[in-house]
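Participant: Those sequence lines, one after another, are chains D and H.
Just so it is clear: in the first sequence, position 32 is 32 by the numbering used here, and no numbers are missing.
Just so it is clear: in the second sequence, position 6 is 161 by the numbering used here, and no numbers are missing.
Because the hints were derived from the structure by calculation, they are not lab data.
It is possible that part of the hints are untrue.
Computed from the model, here is a short list of chain D residues facing chain H with C-beta under 7 Å [as the list claims (entries may be wrong)]:
1) HIS12
2) THR13
3) ASP14
4) ASP15
5) VAL16
6) PRO18
7) VAL37
8) THR48
9) ASP52
10) SER55
11) GLY130
12) ARG134
Built from N, CA and C at the ideal position, the CB exists for glycine as well.
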Amino acid sequence: MQLTITVNGASHTDDVEPRTLLVHHLRDGVGLTGTNVGCDTSSCGACTVLVDGESVKSCTVLAVQVDGQSITTIEGLATEAGMHPVQAAFQEHHGLQCGYCTPGMVLAAVSLLAEQPDPTEQDVREGIEGNLCRCTGYHNIVKAVLAAAAGGGTS
Amino acid sequence: MIPAAFDYERVDSVEAAIAALTEHGDDAKLLAGGHSLIPLMKLRLATPAVLIDVGRLRELSYVRDAGDHVAVGALTRHRDVEVSDLLAAEAPLLAHAAGQVGDPQVRHRGTIGGSIAHGDPASDLPAVLLAMRATLVLRGPGGERTVAAERFFTGFLETALAPDEVLTEIRVPKAAGVGWSFQKLNRRAQDWAIVGVACLGAGPDAGIGLVNMGSVPLRAAAAEAALANGASLADAAAVAHEGTDPAADLNASAEYRCHLARVLTHRALTESAGSLRG
């Protein structure tokens, strides 16, 4: 069926099978491979994207379910002026090692800060509970999210 | 993992959903947030021929004061239940438990009605509705009927919903000032509870719901009866597992689940008693 979604500000209209998962449409249809498939069972959060500004696991959403909605992937965060404040904070605080969980982790953090602009450390730890990282032990990720919050890094 | 092929219909009203269910019968499944159904379809444990997408029905997304109870539309997302001021004041157990479902991403998509209609004994919210003595509103071609939560869950992933009926509303009795607790043990946020306990009150009329203690969501009937007969919280908790039939799996043996039911019920009753106000 015909599907029209806005991805990182650009409109995309494609024919998709109803069973196509959003993550596969973003990677194979739209051609944006920054969104990773990790566990493929809505556990790890690597496939997290924003739908109308809210974090979702795109391996557990059918593309047709978000027809007409606005998607933000990791490719859509930086501007010509530079990295998104959450991305910059991950770099500054070494919030990544292998980087596989990072796109999902960053987008989960962006969604969290939109809902809770001034989170405590506990809020951050609970706010990213849907994202698994096997390298950093989370400590630097939490530091990065708190730093982004302190810098007003929600936009 | 990709679901098996299916036909997809998006409907714009409850009536259209009922009409589509009437047309397709057992071949069709309703799709709300999809966070119970899509994982099963990816594993091909569910292979519906037709998916009827009710996810856009804003008419079923609400939290309303309805006098002696709070009415929650079936398509209200867990996130919206979690942050509802009305539920925080009048049914804080439900608001709190909704905030414990899955993780933030799941709560942005999953709905209360989708979770309840799925009827999974390992889900958090069925036990909460049992503890709160909630009522469910079902609508079909012949009109509307109400079913007590206790009578809704009829078998493993089976409910009182007829193939042509839609769960439209959840009614939770107001419980401002009544103590409550929700206890859940799981290894990761995304995991089902190994065992969970939802508790409303701690006195003779306390309601206690159990997560993952049998093939259907259960009340801790023996513990409730003990409290009704004046037993201490500890003595009531000691029989929380009676009448249950938990499964054994990679996470826990049946014996360990019974142990957890007793321990978590004691914690829940103790917290519930301690949080009583007025």
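Participant: Could you run down the list of hints and mark each one as holding or not?
Facilitator: Consistency of the hints with the structure:
no.: 1; hint: HIS12; in the structure: 19 Å, violated
no.: 2; hint: THR13; in the structure: 17 Å, violated
no.: 3; hint: ASP14; in the structure: 15 Å, violated
no.: 4; hint: ASP15; in the structure: 13 Å, violated
no.: 5; hint: VAL16; in the structure: 10 Å, violated
no.: 6; hint: PRO18; in the structure: 4 Å, holds
no.: 7; hint: VAL37; in the structure: 10 Å, violated
no.: 8; hint: THR48; in the structure: 6 Å, holds
no.: 9; hint: ASP52; in the structure: 10 Å, violated
no.: 10; hint: SER55; in the structure: 5 Å, holds
no.: 11; hint: GLY130; in the structure: 3 Å, holds
no.: 12; hint: ARG134; in the structure: 13 Å, violated
Of the numbered hints stated above, those contradicted by the structure are hints 1, 2, 3, 4, 5, 7, 9 and 12, listed in ascending order.
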